[in-house]
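Chains as they are written, first to last, in the numbering used here: chain A, 138 to 441; chain B, 138 to 441.
None of these hints come from the bench; they were simulated from the model.
Fair warning: there could be bad hints in the mix.
Identical copies carry no separate label here, and so any pair may be met within one copy or between two of them.
Derived DSS-like pairs (lysine-lysine); straight-line CA-CA distance at most 27 Å [as the list claims (entries may be wrong)]:
{"id": "1", "residue 1": "Lys329", "residue 2": "Lys386"}
{"id": "2", "residue 1": "Lys199", "residue 2": "Lys412"}
{"id": "3", "residue 1": "Lys435", "residue 2": "Lys199"}
{"id": "4", "residue 1": "Lys325", "residue 2": "Lys435"}
{"id": "5", "residue 1": "Lys325", "residue 2": "Lys160"}
{"id": "6", "residue 1": "Lys332", "residue 2": "Lys160"}
{"id": "7", "residue 1": "Lys412", "residue 2": "Lys329"}
{"id": "8", "residue 1": "Lys157", "residue 2": "Lys178"}
{"id": "9", "residue 1": "Lys325", "residue 2": "Lys269"}
{"id": "10", "residue 1": "Lys342", "residue 2": "Lys435"}
{"id": "11", "residue 1": "Lys386", "residue 2": "Lys160"}
{"id": "12", "residue 1": "Lys435", "residue 2": "Lys386"}
{"id": "13", "residue 1": "Lys215", "residue 2": "Lys178"}
{"id": "14", "residue 1": "Lys336", "residue 2": "Lys435"}
{"id": "15", "residue 1": "Lys386", "residue 2": "Lys325"}
{"id": "16", "residue 1": "Lys253", "residue 2": "Lys386"}
{"id": "17", "residue 1": "Lys412", "residue 2": "Lys277"}
{"id": "18", "residue 1": "Lys200", "residue 2": "Lys435"}
{"id": "19", "residue 1": "Lys209", "residue 2": "Lys329"}
{"id": "20", "residue 1": "Lys215", "residue 2": "Lys386"}
{"id": "21", "residue 1": "Lys325", "residue 2": "Lys342"}
{"id": "22", "residue 1": "Lys178", "residue 2": "Lys325"}
{"id": "23", "residue 1": "Lys178", "residue 2": "Lys329"}
{"id": "24", "residue 1": "Lys253", "residue 2": "Lys342"}
Keep in mind that this is a model prediction, so the values were computed, not measured.
2 protein chains.
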Amino acid sequence: MSLLIIGTVAFDEVETPFAKTGKILGGAATYIGLAASRLTKDIKMVSVVGGDFPNEYIELFKKNHINTSGLKIIDEGKTFFWSGRYHMDMNTRDTLVTDLNVLADFDPVLPQSYRKSRYVMLGNLTPSIQRKVIEQLEEKPRLICMDTMNFWMDTTWDDLLEVLTMVDVLAINDAEARQLSGEYSLVKAAEKIRKMGPKYLIVKKGEHGALLFYDDQVFFAPAMPLEEVFDPTGAGDTFAGGFMGYIAKMDDTSFETMKNALIYGSALASFTVEKFGTERLLEISDENISNRLLEFVKLVSFSM
Amino acid sequence: MSLLIIGTVAFDEVETPFAKTGKILGGAATYIGLAASRLTKDIKMVSVVGGDFPNEYIELFKKNHINTSGLKIIDEGKTFFWSGRYHMDMNTRDTLVTDLNVLADFDPVLPQSYRKSRYVMLGNLTPSIQRKVIEQLEEKPRLICMDTMNFWMDTTWDDLLEVLTMVDVLAINDAEARQLSGEYSLVKAAEKIRKMGPKYLIVKKGEHGALLFYDDQVFFAPAMPLEEVFDPTGAGDTFAGGFMGYIAKMDDTSFETMKNALIYGSALASFTVEKFGTERLLEISDENISNRLLEFVKLVSFSM
Chain A
138 MSLLIIGTVA
148 FDEVETPFAK
158 TGKILGGAAT
168 YIGLAASRLT
178 KDIKMVSVVG
188 GDFPNEYIEL
198 FKKNHINTSG
208 LKIIDEGKTF
218 FWSGRYHMDM
228 NTRDTLVTDL
238 NVLADFDPVL
248 PQSYRKSRYV
258 MLGNLTPSIQ
268 RKVIEQLEEK
278 PRLICMDTMN
288 FWMDTTWDDL
298 LEVLTMVDVL
308 AINDAEARQL
318 SGEYSLVKAA
328 EKIRKMGPKY
338 LIVKKGEHGA
348 LLFYDDQVFF
358 APAMPLEEVF
368 DPTGAGDTFA
378 GGFMGYIAKM
388 DDTSFETMKN
398 ALIYGSALAS
408 FTVEKFGTER
418 LLEISDENIS
428 NRLLEFVKLV
438 SFSM
Chain B
138 MSLLIIGTVA
148 FDEVETPFAK
158 TGKILGGAAT
168 YIGLAASRLT
178 KDIKMVSVVG
188 GDFPNEYIEL
198 FKKNHINTSG
208 LKIIDEGKTF
218 FWSGRYHMDM
228 NTRDTLVTDL
238 NVLADFDPVL
248 PQSYRKSRYV
258 MLGNLTPSIQ
268 RKVIEQLEEK
278 PRLICMDTMN
288 FWMDTTWDDL
298 LEVLTMVDVL
308 AINDAEARQL
318 SGEYSLVKAA
328 EKIRKMGPKY
338 LIVKKGEHGA
348 LLFYDDQVFF
358 APAMPLEEVF
368 DPTGAGDTFA
378 GGFMGYIAKM
388 DDTSFETMKN
398 ALIYGSALAS
408 FTVEKFGTER
418 LLEISDENIS
428 NRLLEFVKLV
438 SFSM
């Protein structure tokens, strides 16, 4: 089933204690789209890039079943650029550069063919832009999932609260859940956030896995313990892409399906961090993914 | 089957951002013993207390199937005292007071009836004392599990390495595993630590659950997301007690049994943190425990 994705498409430059990239392909919509494409083939991307964005990347999206008619190219502008440096723990990072460039004036217009998408993933962006996308939809989607971050809580609180009333799933990290709710306990945070709009809350805890809260139920998807985390950039977006890709593939939004979707998201994210950028995500085979899923099953299986 | 426990028996004084105790019953051997007693009835405790240690606590141990003939009472001495204050996150804490008292000269002598124990849990203590306990055993136990801490890595490294060669399972937290191995990746840390002696490594991650490494296998036991963590003191020792109690009860050391043992440990630890000290651990019914175990099963169950 159709999955509409909105988010950044960017150039990233990543530095870890062990290595450094040049300008590579990055951005939330990139990771979400490439992850989802491992599961579903009807993906529509809304984003903006500059004239400096290589055609080969657009071809890469197309090759991976991502429709790019909603990817606006502003010839005279430059693509969003982000650069960051990870600390030794590979968990915390400093942002070195954020050049919004064409993203600064991004005003998304959905192509007509995008307006009846059944599933929607709103990557982390200004809440008012996320809202504009929802408002252009001509049919109510089966499920809308959104990501956000602390910056929007600090600067555009009212806009953020408004979008929250329009979505079904919020997928944020633990620090963001705590800031949004003012509660340290994630159980209490989930209760408060679910009153803000989304029926489902996903709390991403990085190397500690992810929690899905719904009604009075909670499900925990572990993260795979890895020998080496090479570059965590894009892990959260890969996770979201795998999650929504699986739901779009199954065309089902039951809690049981969402659990599996979370495991798929975790499995794909565990690949993304093994190499720089999108490299690993692009090279893995379906068999690699199946084997990793089996490892996840083994990781938490017990029988009493 | 018989479970021998060595560790501290203490007075604790705990302060959280929300409440404060007076002097209450604490210590590693206390939590380990009381947790194990929910699963097995042949528990032997080796520790030391002062003349100020109330008889009612000794009666409490006995009532909970803990043999105290190895609990030395030094009438003219004072019981080990620890006091700490938790921060708002309820994860980090400052130690305010550590009065070793009778623990300073603790030289454990195992009663004859203790010397053929089939299972042994060495709570966190000076490595040389842990070693002395092992050396007094007249038959090789089926399984020895030990805990330790960063302090012994800093001060008695060689003694620690020696004891490590004598045990089967090491159960420490993630920071300790990283310090002991010099590796940030817990997978790499496990590989190095398992070469130091213990065939099994348990990494306790508090609210993020626990990992069990063995051979090329890994199992993850989640922590239950709780509405409120009231007092985390003793959670790690409760976990270890539940783990060893289950193994002693089943009299089996297969990886499959250890997985269940980890879940039991996590379940019991999730109760301990709900009230101050040992209060919750002492009041819960077997039905409370069964229900919590079911919640753990639900927390990680998915079927693809």
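Here is how each hint holds up against the structure:
Proximity of Lys329 to Lys386 under the C-alpha cut-off of 27 Å is found in neither arrangement, the shortest distances being 31 Å within a copy and 42 Å between copies. Only within a single protomer do Lys199 and Lys412 lie at most 27 Å apart by alpha-carbon distance; the minimum there is 22 Å, versus 56 Å between protomers. Taking the shortest Cα distances, Lys435 and Lys199 never come within 27 Å of each other, neither inside one copy (35 Å) nor across copies (40 Å). In the homo-oligomer, the alpha carbons of Lys325 and Lys435 lie at most 27 Å apart only across protomers (19 Å), although the nearest pairing inside one protomer, at 30 Å, exceeds that limit.
For the homomeric pair Lys325 and Lys160, neither the shortest alpha-carbon distance inside one copy (41 Å) nor that between copies (30 Å) is at most 27 Å. In the homo-oligomer, the alpha carbons of Lys332 and Lys160 never lie at most 27 Å apart, since the shortest distance is 41 Å inside one protomer and 41 Å across protomers. In this assembly of identical chains, Lys412 and Lys329 lie within 27 Å of each other by CA distance solely across copies; the values are 24 Å between and 37 Å within a copy. When the C-alpha separation of Lys157 and Lys178 is checked against a cutoff of 27 Å, the pair qualifies neither within a copy, at 33 Å, nor between copies, at 58 Å.
Within a single copy, Lys325 and Lys269 get their C-alpha atoms no closer than 30 Å, and across copies no closer than 47 Å, so neither meets the 27 Å cut-off. For the homomeric pair Lys342 and Lys435, the shortest alpha-carbon distances inside one copy (20 Å) and between copies (19 Å) are both at most 27 Å. In this homomeric assembly, Lys386 and Lys160 never come within 27 Å of each other (Cα to Cα): the closest approach is 33 Å inside a single copy and 58 Å across copies. Both within a single protomer and between protomers do Lys435 and Lys386 lie at most 27 Å apart by alpha-carbon distance, with minima of 24 Å and 24 Å respectively.
For the identical chains of this complex, Lys215 and Lys178 are neighbours neither inside a copy (29 Å) nor across copies (71 Å), given an alpha-carbon limit of 27 Å. In this assembly of identical chains, the alpha carbons of Lys336 and Lys435 lie at most 27 Å apart only when taken from different copies (19 Å versus 30 Å within one copy). Taking the closest pair of Cα atoms, Lys386 and Lys325 never come within 27 Å of each other, the shortest separation being 32 Å inside a single copy and 36 Å across copies. In this assembly of identical chains, Lys253 and Lys386 lie within 27 Å of each other by CA distance solely inside one copy; the values are 16 Å within and 59 Å between copies.
For the homomeric pair Lys412 and Lys277, neither the shortest alpha-carbon distance inside one copy (38 Å) nor that between copies (46 Å) is at most 27 Å. Taking identical chains as interchangeable, the C-alpha atoms of Lys200 and Lys435 are never at most 27 Å apart, the minima being 33 Å within one chain and 39 Å between chains. Proximity of Lys209 to Lys329 under the C-alpha cut-off of 27 Å is found in neither arrangement, the shortest distances being 37 Å within a copy and 51 Å between copies. Within a single copy, Lys215 and Lys386 get their C-alpha atoms no closer than 34 Å, and across copies no closer than 66 Å, so neither meets the 27 Å cut-off.
With identical chains, the CA atoms of Lys325 and Lys342 are at most 27 Å apart both within one copy (16 Å) and between copies (21 Å). When the C-alpha separation of Lys178 and Lys325 is checked against a cutoff of 27 Å, the pair qualifies neither within a copy, at 37 Å, nor between copies, at 37 Å. For the identical chains of this complex, Lys178 and Lys329 are neighbours neither inside a copy (36 Å) nor across copies (43 Å), given an alpha-carbon limit of 27 Å. Taking the shortest alpha-carbon separations for Lys253 and Lys342, neither the intra-copy value of 33 Å nor the inter-copy value of 45 Å comes in at or below 27 Å.
The structure fails hints 1, 3, 5, 6, 8, 9, 11, 13, 15, 17, 18, 19, 20, 22, 23 and 24 (numbered hints given earlier, in ascending order).
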